[in-house]
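Trainee: Those protein sequence lines, which keep their order, are chains A and B. Okay, so the first sequence: first residue is 1 according to my numbering, each after it adds one. Okay, so the second sequence: first residue is 1 according to my numbering, each after it adds one.
Don't read these hints as lab results, they were simulated from the structure. One or more hints might be untrue.
[Claimed, not checked] Part of the chain A face toward chain B, derived, beta carbon under 10 Å:
| no. | residue |
| --- | --- |
| 1 | F7 |
| 2 | G11 |
| 3 | T12 |
| 4 | R25 |
| 5 | I40 |
| 6 | A66 |
| 7 | K91 |
| 8 | P93 |
[Claimed, not checked] Just some of the chain A residues that point at chain B, by a computed CB distance under 7 Å:
| no. | residue |
| --- | --- |
| 9 | V9 |
| 10 | D10 |
| 11 | Y14 |
| 12 | T15 |
| 13 | T16 |
| 14 | E17 |
| 15 | W28 |
| 16 | P41 |
| 17 | M67 |
Remember, predicted model here, so these are calculated numbers, not experimental data. Glycine is no exception: its CB is placed at the ideal position from the N, C-alpha and C atoms.
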Amino acid sequence: MENLKEFNVDGTVYTTELTKKFENRKPWVRPNPKHINSFIPGTIVEILVKEGQEVKEGENLMILEAMKMKNQIKMPFDGKIAKIYVAEGEKVPNRLLMMEIE
Amino acid sequence: MSLKRNILDLRKRKEKVLQGGGEKAIQKQVAMGKLTARERVTSILDEDSFHEYDMFVEHEARDFGMEKKELHGDGVIIGTGTIYGEPVCVFAQDFTVAGGSLGLMHARKITKIMDHALKMRVPLIGINDSGGARIQEGVNSLAGYGEIFFRNTLASGVIPQLSIILGPCAGGAVYSPALTDFVFVVENISKMFITGPEVIKTVLGEEITMEELGGAKVHSEITGNAHFYALSEYECFEQIKKLLTFIPWNNTKKAKAFPPKPPRPEYKIEEIVPSDPTQPYDIRNVIKSIVDDSDFFESMENFARNIVIGFGRMNGETVGFVANQPLVLAGVLDCDSSDKAARFIRYCDSFNIPIVTLEDMPGYLPGVDQEHMGVIRHGAKILYAYSEATVPKITVIVRKAYGGGYIAMNSRHMKADFMFAWPNAEIAVMGPDGAANIIFKKEIMAAADPEAMRKEKVAEYREKFANPYVAAAKGYIDTVIEPQETRNMLLHSIEVSSNKVDSRPAKKHGIPPF
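Looking at chain A on its own, in the form it has when it is part of the complex (with noise of 0.2 Å):
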C-alpha cells in the first residue's frame, strides 16, 4: 500500500490509493458564453474578423480547418470582438480559448 489519500464518498472520508486516470481528470468548468474555443484540433485558415468589430449573429468569425473540413465558427449573438488569441496558419488544439466576445 502506497501513496495512501483521503477521499470522500459521500460524506466519509476514505483511505485509499487514487487512480492516474482519477487524478488526471478534468475538472468541469461552466462553459463562458463570451468565449469562443476550439472544438476540434486544427489549423485557422482565416480570421475574418478584427479586435473592436461589431459583428451579428450567425456571421463567421474564422476558418477552423480539420479532418479536411473548412469549419466556419459563427458569432453566437451580436456582440463585439473584445480579443483574439489566434493568427492565421496557427495550429490550435482541442478546447483552446480563440477569441473573446462581448
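Chain A is fixed; fit chain B onto it per the hints.
Mentor: Chain B in isolation, oriented as in the chain A frame:
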C-alpha cells in the same frame, strides 16, 4: 519411383513456404525483438502437435505488380494442435511476408480455421502481427476483415477466443481482437490503434509515439482493451497456457477439475480486513485466503483497479471472482470498473463458471466527469450482467455495501443464490456520515454544539443500520458468517449449486446498455 519423386517435390515446396518472407525479413523480425509466426505457434502448442493447413495458398492480387510477387502462405499460418493434450485452432499472421498484410486469401485462411474452431467447438487462438489491409487488394481486403468480425461474433460465447497482439494491429484489424474474449499484449511489441501517429499528426497536429498511443501499457492501463500484459512473448505464452487451465473448451463443457488444495497458510483471512470501514486493504489477499493453493489468476490487473476480476479454484473447480478493491478509490463503482466487471460476469455465465462476488464498496464514484461519461449507462451493465447470469452466483459482503452498489454487486434482488455477510458488514443506503447528515439535518442544525450532535447521530445511525442484521432480518442475507467460515461456506454453496437449473424468458437477445 514417381511417388518418391513426388514426395521429394512436396518436401521442397513445403520447405520453401516454411521460409516465410525469407532470411532478410526474418532477421528484421528478430531485430525488432519478435519471434517468427511459426516459433510463436509452436511455443504455445504442445510439442510436435502443430499441423498446418493452406500452406500452398496463393494470393489473388493482379494489380500494381502484385501478380509477380510470391507471398508464402499469403502472410498467415493456420492450423490445429493441442494444448495440455486438448485440441485448439490457431492462426498466426506472418509479418515477414508482405508485413502480414491482409488480402483476400489471407482472410479466407483465417475464416477457414475460425469456421473449423466453431464447428469443432474448440478454442481459437489468433496471433496478430500485421501492417493492416493489403491496399493493393482494395475492397477485397475490407471484405476479408468483415468476414472475420462476423465469425468472431458468431463464435462469441460458444468457444473461447483469445487474441494475442504480437506486433502492429491497426485500423480495422483491431476489431477482431476487440470482439474476442481475452486480449494479450507484450511490452514494446504490441501496438493497437485505429489511426496511427502519422495520420493524427497530419490531421490534428497532435504528436505522439506508437507506444504512447497504443502500446501494451496503454491498453492494459488506460483503454481496457487488453486483459493480460507481459514483458516478453514467452511470459505471454505462459499466461495463455495458464488461462486455458481455468476455462472450458466450449460453452457446453465445464472447466477441467484439478486436485483440490487448501489455501496457503500465510493468508490469514481474519487478519486482512480492518474493521474501520474507511481503512484500505488488498481484497486480493481475501481471495487468496479462500482459493485452492492461494492461486488467483487476475484478468485486467491494471485497468480500473477499483474492481478485481479473475479466476481461482475451489476444491479443484474453476470459480470466477468479482471483488471490490478498497485499496483503490475505496472500491467505488465507476464507468470503467462497471465495464470490466460486466463483461467478465457475462464470460463466466457463457462458460458455466460459478461467480463469487466479494463486496466492500462505498457506492458510485461521484463527479461531473463520471456523470457526463455516462456512469448511468455503464453502471447499468453490471445490473444487466448479474441479472442475466444463471450460473451459480454467491455473494459475500465483507464490509461495506452501500446504496446502489449493494444492489448491483449480485444482491439477492439480482437473484444471487446465496448471500453471506461477515459480522462487521454494513448494509445501508449510504455510509453513516452521509445518512446522519440527511436524516438528522434539523437536529444537528438546531443543536447548541452541532458537531457533537452530528457525531452522536452518526453513532446512532451506525448502531441501528450499519450492520448485517437488518438485511438478514428480511432474508436478503441468508446467514452471517465468521470470516474463517468463508471458504467452507463457499465450497458448500458451490457444491449444492452444481445441478442448478434456472432460466430467463426465451428471446432473440436482450438489449444490454452497451
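Trainee: For every hint, state whether the structure bears it out.
Mentor: Now for the hints, and whether the structure bears them out:
1. F7: holds (5 Å)
2. G11: With Cβ-Cβ at 4 Å, under 10 Å, it holds.
3. T12: Result: holds, 4 Å to nearest chain B Cβ.
4. R25: holds (5 Å)
5. I40: OK, holds: I40(A) within 10 Å of chain B, min 8 Å.
6. A66: holds (7 Å)
7. K91: K91(A) check passes; min Cβ-Cβ to chain B is 4 Å, inside 10 Å.
8. P93: Since chain B brings a Cβ to about 7 Å from P93(A), closer than 10 Å, the hint holds.
9. V9: holds (4 Å)
10. D10: Since the shortest Cβ distance to chain B is 4 Å, the answer is holds.
11. Y14: holds (4 Å)
12. T15: holds (6 Å)
13. T16: holds (4 Å)
14. E17: Hint on E17(A): holds, closest Cβ of chain B at ~5 Å, below 7 Å.
15. W28: holds (4 Å)
16. P41: holds (4 Å)
17. M67: Where the cut-off is 7 Å and the nearest Cβ of chain B is about 6 Å from M67(A), the hint holds.
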